[in-house]
Amino acid sequence: MDHPRYGDRPIDSGYNYSEDEVRNSYWGYRREDIFIETAIPADLEKQNFPTFPRKLYVDIRRKCIQCERWFIFFAKEQKYWYEELGFIIDADCVKCVECRKKEQGIKQLISEYEKLLKNTSRTESETINLKKIAQELYEFGYIKNKQKVDSIA
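Numbering (this note's numbering), first residue to last: 1 to 153.
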């Protein structure tokens, strides 16, 4: 699966770590499908609450738990997650970029739906938008009762 920033192939880092060095740099790498040649050093000072810090980041081949397509959790992406965004080091990527984006879009729809639903003085345009969003959420299975959609007026 193609990542918009990193592509669809492992990215050779130019470093020359041995397989033992990489696999021993983080306990989780012992059981992962990793690409040794992609290992990049981590900045341990920037990792958020690491009980077992990652000394290196490495491209990891994964299967998305949602769509079951294969994707790569890139070393550069991990460095960004854990050192720039401040994710805890044990946060893990289990969904491909496409499924993550779809999930974010649904969360935005739910947020907009809730905001519009609470607004008792909606304009006609806002009500039309609310009904449209409710219909989408029904089709995605987030609204179970079709009467909730139909009752929006």
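Since the hints were made in silico from the structure, they are not lab data.
Ideal placement from N, C-alpha and C gives every residue a C-beta, glycine not left out.
Just to be clear, a hint being listed does not mean it is correct.
[Claimed, not checked] Subject to a maximum C-alpha distance of 25 Å in a straight line, what follows is the list of computed SDA-like cross-link-like pairs (lysine to any residue):
no., residue 1, residue 2
1, LYS107, PHE140
2, LYS118, ILE106
3, LYS79, ILE65
4, LYS76, LYS102
5, LYS79, ASP33
6, LYS131, CYS93
7, LYS115, VAL149
8, LYS95, THR127
9, LYS102, TRP27
10, LYS95, GLN108
11, LYS95, PRO10
12, LYS76, LYS115
13, LYS46, CYS93
14, LYS144, SER111
15, LYS102, THR127
[What the hints assert, rightly or not] Have a look at the derived ranges for each label pair, beta carbon to beta carbon:
no., residue 1, residue 2, range
16, ASN48, GLU124, 16 to 22 Å
17, GLU45, LYS144, 26 to 32 Å
18, THR123, TYR80, 38 to 44 Å
19, ASN129, PRO4, 24 to 30 Å
20, LYS144, LYS46, 29 to 35 Å
21, THR123, PRO41, 50 to 56 Å
22, ASN145, GLN108, 57 to 63 Å
23, GLY14, LEU44, 32 to 38 Å
How the hints compare with the structure:
1. Taking the CA atoms of LYS107 and PHE140, the gap is about 12 Å. The hint holds against a cut of 25 Å.
2. With a C-alpha separation of about 18 Å, the suggested pairing of LYS118 with ILE106 holds against the 25 Å cut-off.
3. With a CA separation close to 22 Å, the supplied pair LYS79 and ILE65 stays within the 25 Å bound.
4. Taking the CA atoms of LYS76 and LYS102, the gap is near 22 Å; set against the 25 Å cutoff, the hint holds.
5. Straight-line distance between C-alpha atoms of LYS79 and ASP33 comes to about 18 Å, which keeps the hinted pair within the 25 Å bound.
6. For the hint linking LYS131 to CYS93, the alpha-carbon distance of about 33 Å lies beyond 25 Å, and the restraint is violated.
7. A threshold of 25 Å between alpha carbons decides the hint, and for LYS115 with VAL149 the separation of about 15 Å falls inside it, so the pair holds.
8. Restraint check for LYS95 and THR127: not satisfied, since their Cα atoms lie roughly 34 Å apart, outside the 25 Å limit.
9. A hinted pair counts as satisfied when its Cα atoms are at most 25 Å apart, and LYS102 with TRP27 does not qualify at roughly 31 Å.
10. Distance check on the hinted pair: LYS95 and GLN108 sit about 18 Å apart at the alpha-carbon level, within 25 Å; holds.
11. At roughly 17 Å between alpha-carbon atoms, LYS95 and PRO10 fall within 25 Å of each other, so this suggested pair holds.
12. A C-alpha spacing of about 36 Å is found between LYS76 and LYS115, which places the hinted pair above 25 Å, so the restraint is violated.
13. Distance check on the hinted pair: LYS46 and CYS93 sit about 19 Å apart at the alpha-carbon level, within 25 Å; holds.
14. At most 25 Å may separate the alpha-carbon atoms for a hinted pair to count; LYS144 and SER111 meet this at roughly 17 Å.
15. Pair hint LYS102 plus THR127 holds up; C-alpha atoms about 24 Å apart against a cutoff of 25 Å.
16. For the pair ASN48 and GLU124, the supplied restraint of 16 to 22 Å is violated, since their beta-carbon distance comes to about 46 Å.
17. Our hint of 26 to 32 Å for GLU45 and LYS144 is violated, since their Cβ atoms are close to 47 Å apart.
18. Checked against the given bound of 38 to 44 Å, the beta carbons of THR123 and TYR80, roughly 40 Å apart, stay inside it.
19. Taking the beta carbon of each, ASN129 and PRO4 are about 28 Å apart, inside 24 to 30 Å as hinted.
20. For LYS144 paired with LYS46, a C-beta distance near 43 Å fails the hint of 29 to 35 Å.
21. Roughly 54 Å separates the CB atoms of THR123 and PRO41, a value that falls within the hinted 50 to 56 Å.
22. For ASN145 and GLN108, the hinted distance range of 57 to 63 Å is not satisfied, since their beta carbons lie about 22 Å from each other.
23. Separation of GLY14 from LEU44 is about 21 Å and departs from the stated range, judged on CB atoms against 32 to 38 Å.
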